Structure formats: C-alpha cells, structure tokens
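Enquirer: Taking the hints into account, I'd like the entire structure generated from these sequences.
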Amino acid sequence: MANETTRTVTEINGYIKRIMDGDFLLRRVHVTGEISNYRPHPSGHCYFTLKDEHAELAAVMFKREAETYRHLLANGRQVVLSGRISVFERTGRYQLYVNAVREEGTGLLHERFENLKKELKAAGYFEKERKKPIPAFPRHIGIVTASQGAALQDMKKVALGRNPHVMLYLYPAQVQGETAAASIADALDRLDRRGLDVIVIGRGGGSMEDLWAFNERVVADAIFRAETPVVSAVGHETDLTISDFVADLRAATPSAAMEILVTPLTNIRNRMDHLRQQLRRLTANRLQVTENRLRQFELALQRRHPEVAVQERIHRLAWADGRLRELLKERITGRYHRLQELRYRLMQQSPVKRMETCRLRTNRAAERLTERMDAVMRRTVHAYKDRVLKLEGLSPLDRLSSGWLLAMYDGKRLIDTGDVSPGDRMQLYARTECLDVEVIEKTALNPEGMNE
1429 MANETTRTVT EINGYIKRIM DGDFLLRRVH VTGEISNYRP HPSGHCYFTL
1479 KDEHAELAAV MFKREAETYR HLLANGRQVV LSGRISVFER TGRYQLYVNA
1529 VREEGTGLLH ERFENLKKEL KAAGYFEKER KKPIPAFPRH IGIVTASQGA
1579 ALQDMKKVAL GRNPHVMLYL YPAQVQGETA AASIADALDR LDRRGLDVIV
1629 IGRGGGSMED LWAFNERVVA DAIFRAETPV VSAVGHETDL TISDFVADLR
1679 AATPSAAMEI LVTPLTNIRN RMDHLRQQLR RLTANRLQVT ENRLRQFELA
1729 LQRRHPEVAV QERIHRLAWA DGRLRELLKE RITGRYHRLQ ELRYRLMQQS
1779 PVKRMETCRL RTNRAAERLT ERMDAVMRRT VHAYKDRVLK LEGLSPLDRL
1829 SSGWLLAMYD GKRLIDTGDV SPGDRMQLYA RTECLDVEVI EKTALNPEGM
1879 NE
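Numbered continuously in my numbering, the sequence shown closes out at residue 1880.
What the hints contain is simulated information worked out from the structure, not anything from laboratory work. Only a predicted model underlies this, so the values are computations on that prediction, with no experimental measurement involved. Careful: at least some of the hints might be erroneous.
[As the list claims (entries may be wrong)] For lysine-lysine, the following DSSO-like pairs were computed, each having C-alpha atoms within a straight-line distance of at most 30 Å:
{"#": "1", "residue 1": "Lys1556", "residue 2": "Lys1546"}
{"#": "2", "residue 1": "Lys1546", "residue 2": "Lys1559"}
{"#": "3", "residue 1": "Lys1491", "residue 2": "Lys1445"}
{"#": "4", "residue 1": "Lys1584", "residue 2": "Lys1560"}
{"#": "5", "residue 1": "Lys1870", "residue 2": "Lys1840"}
{"#": "6", "residue 1": "Lys1546", "residue 2": "Lys1560"}
{"#": "7", "residue 1": "Lys1545", "residue 2": "Lys1560"}
{"#": "8", "residue 1": "Lys1549", "residue 2": "Lys1584"}
{"#": "9", "residue 1": "Lys1556", "residue 2": "Lys1545"}
{"#": "10", "residue 1": "Lys1818", "residue 2": "Lys1840"}
{"#": "11", "residue 1": "Lys1545", "residue 2": "Lys1559"}
[To be verified] Label-pair distances were calculated between CB atoms; the ranges are:
{"#": "12", "residue 1": "Arg1708", "residue 2": "Pro1563", "range": "24 to 34 Å"}
{"#": "13", "residue 1": "Thr1785", "residue 2": "Met1805", "range": "27 to 37 Å"}
{"#": "14", "residue 1": "Thr1607", "residue 2": "Ala1578", "range": "33 to 43 Å"}
{"#": "15", "residue 1": "Gln1506", "residue 2": "Arg1697", "range": "36 to 46 Å"}
{"#": "16", "residue 1": "Thr1785", "residue 2": "His1810", "range": "36 to 46 Å"}
A virtual CB, placed ideally from N, CA and C, is assigned to each residue, including glycine.
Expert: Take a look at the structure:
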C-alpha cells in the first residue's frame, strides 16, 4: 500500500472529464425523452432532467441558448435535445449540456413543411404579381378563427377600440386538430362569397404541431382561389406557416393584423379635417383664379369696345402724322447738306484750277525727269571710262609696245612650242610689222640665261 500512487478527487474528476470530452460520440449527441424537474435559474440558465421509462439524465441549458428555446422547455413535454455530455468537475456529476431543442416529431413536420413550400412556390402560389392589394380603409372585415380563442378577443378589442364603426364578420373554425385544415378552408370559402373588403385567418401562438393546420395544402388552395384579399395572422412573430406565404399580406400576430387594417377613428377624422381644409384652399384658389380670368375678360372686352378702337386709331394716325413729318424734315435736311457738298466739290474742280494744277504737276515731273537723266548720264560716262581703262590694260598692242612679240601658227595664237616642229612656218607680230619665219631648231632655254 505504501508504494501505490494516490489521487485527489479533483484529479479523478478532471481525468474523467478529459476522457469524456475527447470521446467522439459524446461531443455531439441527440437524446429524446421527457422533461421533468424543470428549474429556471435567476441567472437565466435552465436546469432540468430528461427521462424515459428506465433512466434519467441531468441536463443544463445556459442563458444564451435558453433565450431561444425557453418556450419549448416545460415539464412533461417530449423533446429531442442536442448537445454534448461532459462532467462538472466540482460535483463529479456528468450531464447533458444542451444547445438546441425541438419537439419530438418536429423533424418530420419540417420536412413536410419544406416539401409543400417548394411545391407551392413552383406552382406560383407565392408570386407577388398575383397578390391582391389590401384596402386602405376596410369597413367589412371577415375573421376565420376559433370562436372561443384568445385571438378573436384580441382582434375585436383592437379593431373596435380603434374604430367602433368597423363591421367584423366571424365564421368560426377549428384551428387545431385533424379536421382543422378543412374547417379553415370551408370558412374562408364561405366568407369569400360574402363580398367583404378583407378576410383575416389566424390563431394564437403554439408549437409547430398546434399551428400545423395552416401548413396544409387545402388551406393554401382556399387562400389562392379567394377573390377577397386575405391576411394571414398565425401565432407569434417568429412563427411562419404556409398560409403566410400564400396570403396577400402577413401579420406578425392577430392583434397586429387589426392594427394594420383598422385605422384609428381619430386618424380618419384628422385626415378628413386635413382634406376638408385642403379642399377649402383648393376651392378658394380656384375661385381666385376664376375671378382673375373674369377680370381679364372684362379688360379684353373694354379694349375691344368701338369707342376704344376709334381712339386707338386716332392715336395711331396722330403718331403716324408726326413720324411722317420727322421723316420729311430729315430727308430735306439731308438733301440740303448733299447739295452744299456737291457745290463745294464743283468749285474745287473748275477748269482754270484744274489747268493750274496740271501745269504744276507737269513742271515737277519735268524737273524730276531731268534730274534722273543727268544722274543716268553721269553713271553711264563713269562706267564707260572704267571699261576703256580695263580694255586698254588687256590690249595685245599695249604689250607689243613693251618689246613682246605675238606668235601665231596656223591662224592661232601659239601657246606651247610643242605644237610646232623644225621646218614649220609661223608669224611673229611686232607693234608695227609681221615677220614670216621658219622654225630651224628648238633649243631649251636656261631661265637664268634669259635673265642675263
């Protein structure tokens, strides 16, 4: 015994908790049974026991989940709980930690609900285009619900409290049980033939099984074929049924349906007072407009009176006469100024004055011509002298007078002695004579000897 390891209670409970938390099966379980020993805690947590014929299982639901599923927790109710199983270390007690609750059998109902919803949607039952508008101020409202239910009393209280002149027509129907759907559909058909303004179908809250009559196809067909607008007011705000989707309008509760349909009488009276004042303003404005138009007509008639027309003609003639006089005066003045201008121009252009002007112009032109001719002659003489000097500088005779001879061979000036050979005859020109010579011999010259 001395060598055996001892454990504390905390260690044992912690070990068991780790084993259970690590178990795959216990992480997510769905357990069915009956609720008993239900104990809501002031903190918001809920403690209860789930049992069947042979055993019990402790369960706890914390505040966050309980706020969603609290309405399904009650002693004696058959439910399916979803959650995990673990150990509370302080007490060593294992229990089910619940995070979701549904009533037993709800899974099948949900499946039926979704299948019918898809079927009706495909058939066009939910289309907005087919939904009928709800009257703004309905006077005759039909009601399909249980005659002894709280929903009827709530609707009557709200409707008559808002407007006691509204007429309510009740056709009682079963709203729960196997024959409820047929009863609701029959009541809806009968009220639809009454020619009412609108029909409300509904009931108070409950479980999905309690509201199931409003999820039946027979009720959906009755709503779809009704010629009267239908408002669905089933259960609480969170409850959704097939009738809500098919109806022309969904109300969160039966009371909310009457709040939507029935306008308070005081609001109607205020609206009527507002419309009455608006009508008075419009009437006064229309009368004012009419009076203004009559006044305009009177003025127009006055303007069209014969005496007024004669006076207007007299004024127009007087204005035209004055205007004609002004135009004639302007025309005569203009002609007088034009005549003076022509007279001045004629005096300026007399023959004697024109001859004197021409003589002066001729003298000035002759002077300018003489000056230009003198200048041209001077430039011509100067240019001639320059060219004579240049020609004298280029003349062969001038060079011959300096002792040079001009050699000509075969009628051309001899430039290169290679053009002649011994025996050829050539001409040598001096200043005053021409020598006809024969080439005897060609001898190369020494440039230095020529200088000597």
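Enquirer: Which of the numbered hints are not met once you compare them with the structure shown?
Expert: 8, 14 and 15
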